[in-house]
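Q: Residue strings, one per chain:
2 protein chains.
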Amino acid sequence: MQKVFLKWIDGLRFAVSDENKHSFIIDTKQEIGGNETGFQPVDLLLVSLAGCMGLDMVSILKKKRSDLKNMEIVVEAERGPEHPKRYTHITVKIKINKEVAEVDYQRAFELSHDKYCSILATLKTPPDIKFEFVTE
Amino acid sequence: MQKVFLKWIDGLRFAVSDENKHSFIIDTKQEIGGNETGFQPVDLLLVSLAGCMGLDMVSILKKKRSDLKNMEIVVEAERGPEHPKRYTHITVKIKINKEVAEVDYQRAFELSHDKYCSILATLKTPPDIKFEFVTE
Numbered sequence: 406m407q408k409v410f411l412k413w414i415d416g417l418r419f420a421v422s423d424e425n426k427h428s429f430i431i432d433t434k435q436e437i438g439g440n441e442t443g444f445q446p447v448d449l450l451l452v453s454l455a456g457c458m459g460l461d462m463v464s465i466l467k468k469k470r471s472d473l474k475n476m477e478i479v480v481e482a483e484r485g486p487e488h489p490k491r492y493t494h495i496t497v498k499i500k501i502n503k504e505v506a507e508v509d510y511q512r513a514f515e516l517s518h519d520k521y522c523s524i525l526a527t528l529k530t531p532p533d534i535k536f537e538f539v540t541e
Numbered sequence: 406m407q408k409v410f411l412k413w414i415d416g417l418r419f420a421v422s423d424e425n426k427h428s429f430i431i432d433t434k435q436e437i438g439g440n441e442t443g444f445q446p447v448d449l450l451l452v453s454l455a456g457c458m459g460l461d462m463v464s465i466l467k468k469k470r471s472d473l474k475n476m477e478i479v480v481e482a483e484r485g486p487e488h489p490k491r492y493t494h495i496t497v498k499i500k501i502n503k504e505v506a507e508v509d510y511q512r513a514f515e516l517s518h519d520k521y522c523s524i525l526a527t528l529k530t531p532p533d534i535k536f537e538f539v540t541e
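Those protein sequence lines, which keep their order, are chains L and Y. Just so you know, the first sequence maps onto residues 406 to 541 in our numbering. Just so you know, the second sequence maps onto residues 406 to 541 in our numbering.
Just so you know, the hints here were simulated from the structure itself, not pulled from any lab data. Only a predicted model underlies this, so the values are computations on that prediction, with no experimental measurement involved. Heads up, a few of these hints could be off.
Copies of the same chain are indistinguishable here, so a pair counts whether it falls within one copy or spans any two.
What the hints assert, rightly or not - Derived EDC-like pairs: lysine to aspartate or glutamate, alpha-carbon spacing no greater than 16 Å straight-line:
1. K469 with D509
2. K474 with E504
3. K520 with E483
4. K503 with D423
5. K469 with E441
6. K469 with D533
7. K529 with E507
8. K434 with E477
9. K498 with D533
10. K490 with D519
11. K412 with E477
12. K500 with E541
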């Protein structure tokens with residue numbers, strides 16, 4: 406079971422926290438009423454995907470004792486022009502230091518892509534999503 | 406176009422940033438090799454969904470001049486037992502102060518759910534996802 410908590414602060418800002426008390430602020434663009442004081446919620450889907458795959462790949466490359474010195478990931482994503490402006494295309498660009506053999510990082514990528522990455526799998530097969538309301 | 410950046414730090418930690426230089430750390434559980442110094446990537450999908458809907462709802466309730474004083478969202482999600490342990494069930498629990506009329510928060514919810522929330526729409530209709538590698 407994964408669990409996260411959000412609490413509205415002011416404007417369109419929320420404080421976000423997890424079960425281990427890590428916390429950060431989310432906000433949104435000024436053009437839609439925010440104050441840009443934190444990450445936008447829409448960007449966090451991309452972070453979730455890239456973080457999941459990056460973490461898998463680093464973990465696998467370390468187990469292989471690859472000479473990993475640097476990994477940088479840039480995610481670029483296009484959204485549909487009309488509401489709900491869902492993500493239509495996501496491109497994940499992964500840069501790795503040249504000392505890591507191609508066969509090793511390709512294998513690490515394949516294992517994450519085909520077997521381990523929970524977020525990629527969630528994006529491929531829609532989860533069941535329910536909502537509940539409480540007033541007090 | 407949305408764009409995010411991740412850079413591996415050490416262990417299984419990455420520094421995450423957006424185009425406006427907001428930044429935070431992601432990490433993972435000790436049992437899979439992390440040090441628990443930041444949010445887990447898998448949790449950020451849930452934050453993305455709840456943040457997107459919370460932000461929509463606050464925005465709509467403010468436009469309606471509802472007496473919104475408090476909104477708290479808890480997301481609980483179940484994952485499959487085997488790799489890739491994708492999210493199978495997500496429950497979003499929204500608590501609002503009782504001064505907000507049910508008809509108002511229900512309408513705000515419906516507008517987010519049916520029209521505005523980019524993340525909910527992305528979770529319902531899988532995006533095209535591509536990967537590119539660079540070594541240097």
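Q: It remains to establish, for every hint, whether it holds in the given structure.
A: Hint check results:
Taking the shortest Cα distances, K469 and D509 sit within 16 Å of each other inside one copy (8 Å), while across copies they are farther apart (56 Å). Taking the shortest alpha-carbon separations for K474 and E504, only the intra-copy value of 8 Å comes in at or below 16 Å, while the best inter-copy value is 55 Å. In this assembly of identical chains, the alpha carbons of K520 and E483 never lie at most 16 Å apart, being 26 Å within a copy and 18 Å across copies at closest. Neither within a single protomer nor between protomers do K503 and D423 lie at most 16 Å apart by alpha-carbon distance, with minima of 36 Å and 26 Å respectively.
For the homomeric pair K469 and E441, neither the shortest alpha-carbon distance inside one copy (41 Å) nor that between copies (23 Å) is at most 16 Å. When the C-alpha separation of K469 and D533 is checked against a cutoff of 16 Å, the pair qualifies neither within a copy, at 36 Å, nor between copies, at 30 Å. Neither within a single protomer nor between protomers do K529 and E507 lie at most 16 Å apart by alpha-carbon distance, with minima of 26 Å and 34 Å respectively. In the homo-oligomer, the alpha carbons of K434 and E477 never lie at most 16 Å apart, since the shortest distance is 26 Å inside one protomer and 21 Å across protomers.
Taking CA atoms no more than 16 Å apart as the test, K498 paired with D533 passes between copies only; the shortest distance there is 14 Å, against 29 Å inside one copy. Taking identical chains as interchangeable, the C-alpha atoms of K490 and D519 lie at most 16 Å apart only when they sit on different chains, with a minimum of 12 Å there against 28 Å within one chain. For a Cα distance limit of 16 Å, the shortest separation of K412 from E477 across copies, 4 Å, qualifies, whereas the shortest one inside one copy, 31 Å, does not. In this assembly of identical chains, K500 and E541 lie within 16 Å of each other by CA distance solely across copies; the values are 7 Å between and 49 Å within a copy.
The structure fails to meet hints 3, 4, 5, 6, 7, 8 from the earlier list, while all remaining hints are met.
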